[in-house]
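J.: Quick mapping for you: the protein sequence lines, in order, are chains V and U. If you read the first sequence in my numbering, its first letter stands for residue 1, the second for the next number, and so on. If you read the second sequence in my numbering, its first letter stands for residue 1, the second for the next number, and so on.
Hint data in this document are derived by calculation from the structure and do not stem from the laboratory. Possibly wrong hints are sitting among the right ones.
What the hints assert, rightly or not - Below 30 Å or equal to it, Euclidean Cα-Cα: the simulated DSBU-like pairs (lysine-lysine) are: (1) V:171 x U:26; (2) V:83 x V:55; (3) V:99 x U:83; (4) U:99 x V:104.
Predicted model, so just to flag it, every value in this text is computed and none were measured.
Okay, here's what each chain looks like letter by letter:
There are 2 protein chains.
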Amino acid sequence: MMTIKRRLLLISNSTLHGGGYLEHCKQHIQSFLGAEVKRVLFVPYALHDRDAYAKTARQAFESLGYGLDSVHEAENPVDAVQKSQAIFIGGGNTFRLLKALYDKNLIPAIRKKVFEDGIPYIGSSAGTNVATISINTTNDMPIVYPPSLQALGLVPFNINPHYLDPDVNSKHMGETREQRITQYHEEQDTPSVLALREGGLLLVEGDKATLLGITGARLFQR
Amino acid sequence: MMTIKRRLLLISNSTLHGGGYLEHCKQHIQSFLGAEVKRVLFVPYALHDRDAYAKTARQAFESLGYGLDSVHEAENPVDAVQKSQAIFIGGGNTFRLLKALYDKNLIPAIRKKVFEDGIPYIGSSAGTNVATISINTTNDMPIVYPPSLQALGLVPFNINPHYLDPDVNSKHMGETREQRITQYHEEQDTPSVLALREGGLLLVEGDKATLLGITGARLFQR
Ligand SMILES: [Ca+2]
Ligand SMILES: [Ca+2]
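Taking the hints into account, I'd like the entire structure generated from these sequences.
T.: As structure tokens, this is what we get:
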């Protein structure tokens, strides 16, 4: 039997209320990356100010003992991915992030590193959305138009990060998250959606997925 | 001076907490349509169950004294638009709605009726989003992929319906609506965004726009 070389840590949200950037998942990141990885390649495309974002991410990873290079500082982003030991894609706007991944031709490069070379991939929020089949279940506003909603396809399902349970006391009439995902499943041939509450993480190793954190998740199936 | 024949009633939300379908804006709809209009053409594409949706809309308009035809029941939707006296596009999922308008080639037909024939157009929620330049500022989940985010362009700005002010007590870490619209304006050449709170309506007559309702709106400019 072929084993899929796939190691992913998919985080619902980068910051938990009251905590610092990546603080709630530092230990998970450290045990996921382990001692062999020395440097992480950061993908800051989900936010507009890439320099500031890289600085924030660098501080967090250096405090864990890892060096961090931001792909936006590389002369050749595809080359930077090909040489990377580990990849971290941060949150922000999922449409902006996916469009940049297409514009810079990084989709096949990242897939190859994860599936063939087996390097560890960490995604948070938008970085978790783009790791799945498609960004059809992002919560973000479509501020730009990517050439497709198909994403990296590192797992065979979709994720809804920052999942919020319906609030029975709300007077707001916009759709609840549950209604939105249900509307997605009214469409033909739509995959399952794992709704990850804030604080939740999904660890994927080969064909095995493990839910981490204490807030849990809901699985929506068509 | 050329006068633009344009009459639009753009509603933030079809149902206000505690009320029935279109109940909070019945009087505005009645005075907007007046006595000359006898029948309204309804566009139900934002929801999956078009028959059920048309039934709900029919009841609401019949209670105001107007007949209602649903475009999904017409043999030729373009033809139905061309013969319409007034159009009402209801809410639901904005991506699904816009994709259907493109698939059925209704964009130019509706524009022509509004700009050249001057028929009244009512939009609610998703039906308000598609009346603007683009759906870049919808709140909806991108459950399908329309061929473009460009919309009917009946007004020269975008709208964010169901606008929610930032909640300082929230522990949720997803972006506030204000942050989302601000991210939109980080992109080049983006138009102004009128954020319509629930309960708000925008009446557009020629080149004049009037805010109705008591909840008010915020104007975001790049
Ligand atoms: Ca986001
Ligand atoms: Ca909606």
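J.: Determine for every hint whether it applies to the structure shown.
T.: Outcome of the hint check:
no.	hint	result
1	V:171 x U:26	holds, 20 Å
2	V:83 x V:55	holds, 21 Å
3	V:99 x U:83	violated, 40 Å
4	U:99 x V:104	holds, 27 Å
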